[in-house]
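Visitor: Okay, here's what each chain looks like letter by letter:
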Amino acid sequence: MTVEHPVAPVPAGDQTRIHDIGYRSYDGPRLGRGYARRSLYSQSLRGAYGLGRSVKSKVLPMLLFVVMCVPAAIMVAVAVFTKAKDLPLDYTRYAIVMQAVISLYVASQAPQSVSRDLRFKTVPLYFSRPIETSDYVLAKYAALASALFALTAAPLLVLYVGALLAKLDFGDQTQGFAQGLLAVALLSVLFAGIGLVIAALTPRRGFGIAAVIAVLTISYGAVSTLQAIADVQDSANVIPWVGLFSPITLIDGVQSAFLGATSSFPGGVGPSHGQGVVYVLAVLGLSAACYGLLMRRYRKAGL
Amino acid sequence: MYDPTVARLTYRALLGRKRALVLGALPLLLIVISIAVRALTGADDQTAADVLGGLALATMVPIIGVIAGTGAIGPEIDDGSVVYLLSKPLKRPTIIFTKLIVAIAVTMVFSALPTLLAGLILNGNGQQIAVAYTVAALVASIAYAALFLLLGTVSRHAVVFGLVYALVWEALFGSLVPGARTLSVQQWSLAVAHKVAGGDLVTSDVGLTTATTLLVVVTVLATWYAGRKLRTLTLAGEE
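Protein chains in written order, with UniProt numbering: chain A, 1 to 303; chain B, 1 to 239.
Looking at chain B on its own, in the form it has when it is part of the complex (with noise of 0.2 Å):
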């Protein structure tokens, strides 16, 4: 299920020159928030909650997941070389999975341990805050990438309808419609780290275990349906 070329190739398309940069300005540009925070308030659980649920889980995480999660395929579709990749000897559903991995471990590396060190720097992970926004965040990044490799196969302008979901959905229908928040990945793995944390500071709209079956459920489903789609993939041309 796993193919090491293809994981390599798309590491390479990832991180390959000036993209590892942008991928790494957002890290570094929370990290810097927290040590100005830190260094105007001191430690403060309510702050640090604030900060890493605003900045790093709202935000930071799913522009991360898509760029991750969309490059991971969408480029290859976009320029045509994805034939041949699709012309070797390999089943559709593994070069999926294999991107899929890949898309996980950029999105994880790049958004939970900035996440973890922004929180130690900002509380020093009191009431186990840091490590609980950091498991969201893992959580998170496994979802974020199955979805938006899905969208990088179905559609060319897959970047745009990410975004819409993970800024306009997720944060402004969120905060206006509370049934939207049901249906959001934030959510989801907001409601792992509250069993994580326990206590008051992280809170989630759903349940635990509606959000866990859901993450499964939407994860697996977006990685089969990308298999699929790309045994039946049209090759457009530009518009």
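Bound conformation, chain A alone (with noise of 0.2 Å):
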């Protein structure tokens, strides 16, 4: 026995349409594309140190947040016990000692953050949501920017407040404080965008991770004994035109040139002011060129 619906009348030349099934439709408040990508970046963030995730994946985040401070809180009690005069090392340089540590870190996360939204292909399910490719790329970008800045600004805060409680001058500390925050904020940017864009390429976490930490460590090891050459064979001119080719070195160099710091380049020899134009270039030219190349790769909503 065929039970007999009312249908109801189709109008004329338009045969397409979506039934109405009977489900109850949301009249709340639309919160909007601004909204969602606030939303994006803040889970990112929160994501990229384990937050609101399970427990394993809190450990690795957690004990590199906790490795890059706990030697900062050591040179402050020995500057505190000693009376000293000065910490025992810059700020500026404390992202460059500690190089290994944020590499492993923006290894370990950047894939977490873009390589499972691939995998599981849930990126269209983003793009079903009224944001835009530049809204996806722009959150996820700034949510590991964001969550590597409270990795190498942390320690920094730690000597801050030390060097304050030594009772070290305020002018000079202060200064020196902001130098390094300005030093580690194009860091993170700059690691932030390439371990994103080496991360997208590959839906498998384990392969990104290792992608990202070759990129990084190779052209390390790469540029540092092309330096080291440089300066035994005395040509120590081409020493800062070597430095621009690994990011840390990059970083280094801006610092140099800029923010009062020591070179950690062979022989101590900084990039000049107008080499160190060069360097602040590339670093901004490279982060534009990582958001750009993010644009490109998720131009197709589909993979």
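One thing to keep in mind: the hints can contain errors.
Chain B regions said to be covered by chain A (calculated; three or more residues, Cβ under 8 Å) [as the list claims (entries may be wrong)]:
(1) 8-22
(2) 30-39
(3) 70-77
(4) 159-167
Ranges between beta-carbon positions, derived for each pair [what the hints assert, rightly or not]:
(5) A:Ala288 to B:Ala43: 12 to 22 Å
(6) B:Leu221 to A:Ala236: 44 to 54 Å
(7) B:Thr234 to A:Gly292: 40 to 50 Å
(8) B:Ala43 to A:Val277: 36 to 46 Å
Hints listed in this document are in silico derivations from the structure and should not be mistaken for laboratory results.
Beta carbons are placed, not taken as given, at the ideal position from N, Cα and C, and that holds for glycine.
Take the two lone chains, each set in its own frame, and fit them into one complex as the hints suggest.
Guide: The following block contains the structure:
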């Protein structure tokens, strides 16, 4: 026995329609694109430290965060108890010394942020919401850069507070702290961009991690080897130009040219002001290029 | 103990598509740098030893080892397709052994061969440096592949832990805490290289007997435990 449903009269010429099967429709406020972008940003930022995820995924980022801060705490303790005139390490130098930890953090968290969306094909779902490609890329980029800034700025804050507690010169320390913050902000943006571009190429998380760490460490290894050889060969004028080819030496060059840092290049030969401009342009250009590449990667929503 | 089909599948998983490009990019970079160094400085034994020791053995071999060792089994466990392999009438240790052979072969081809080439470019095997570091890379390939294959079966974050070991333990702690060097694959392989080169350019903190014993023990133990681990593998969902 068939049940006859009353059929609504179909307007002539319009054969396609979505059937109303009786679900209750949503008539609350629509929070819109800006809200979706902010949510994606805050979720990605929390995810970068494993907040809101399983205990296992909190271990590594938190561990790296602690490893990053402990040396700063030790330095402060030493400075307070020995009544030193100065901190044992400059604010700007800290990130350079701890670069292995920063690289590991980028390598582990950049694929975490983008590879899973690719692998489980959730990217098209994001773009079915009222966000555009640029919103997704911007939110992910900003989230990872902020997470990195938190990682690199926290030990500087520990150093600064400790320096003030140890009654070191206030003006001196504040200037150093500000310069350090500016340098790690640049570093965060650059590293986040490079990490995300590489991670977004592959849906495999493990492979993304290896690729990011390979790019960061091998480029640094290659550049520092070439610089060391140039130093031995007394061709010191080549050293700053070679430094342009790895992310961490780029940051080192910028801060030793403009932010009063001592260069960690062999022989202590930092770039001059003219070369420093090239360094700054390279950092900004690379970050912009990373953004452009990510936009290109996500232009096709279906991957 | 060796199954050709498993080997073929593992080769395809390791070298298929873009992966071979990344694996090939690192050795290529080493060769390019050696050519640049040779052009800048000419043949110099100390420089050759620095480049091969610092760049090839300390950075490139472990990274290739991590990619090949964990890549031989990690992705299969990760996406769950390992159950199809495990449900075949093959012994679990056979699977591990085959994958180990493949991982060792890939690591050797992509790390020891470029090391030899780079050494020949840098100083034409003067004082046996190129051969010594190639032997070190070959020995290290075996230990790294076994170690990282085990990590691949134990943890989902094998790549990260492998890199932490290779970069933080061997490079950072090794340079700060002398004791950490005794427990480092790199130093063990350097001990073997020291025996080959004979001179003072290639040195190790570990004696040859200790080094070879530890190398064999680590390789055998890691392979045995990986086979055991595969027998009791629990497939967890994505966290």
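Visitor: Hints first: check each against the structure and report whether it holds.
Guide: Going down the list of hints, with the structure as the test:
1. For a cut-off of 8 Å, the count of residues in the stretch 8-22 of chain B with a CB near a CB of chain A stands at 3, and the three-residue condition holds.
2. Counting residues of the stretch 30-39 of chain B whose beta carbon lies closer than 8 Å to any beta carbon of chain A gives 3, which meets the minimum of three for the stated coverage.
3. For the stretch 70-77 of chain B, the proposed coverage by chain A is satisfied: 4 residues have a C-beta within less than 8 Å of a C-beta in that chain, meeting the threshold of three.
4. Here the stretch 159-167 of chain B counts 5 residues with a CB under 8 Å from a CB of chain A, which clears the bar of 3, and the coverage holds.
5. Our hint of 12 to 22 Å for Ala288 (chain A) and Ala43 (chain B) is violated, since their Cβ atoms are close to 42 Å apart.
6. Distance hint for Leu221 (chain B) and Ala236 (chain A): a CB-CB separation of about 49 Å, consistent with the stated range 44 to 54 Å.
7. In this structure, Thr234 (chain B) and Gly292 (chain A) meet the distance hint of 40 to 50 Å, their C-beta atoms being roughly 43 Å apart.
8. At roughly 38 Å, the beta carbons of Ala43 (chain B) and Val277 (chain A) sit within the given window of 36 to 46 Å.
This entry does not satisfy hint 5, going by the numbered hints stated previously; all others are met.
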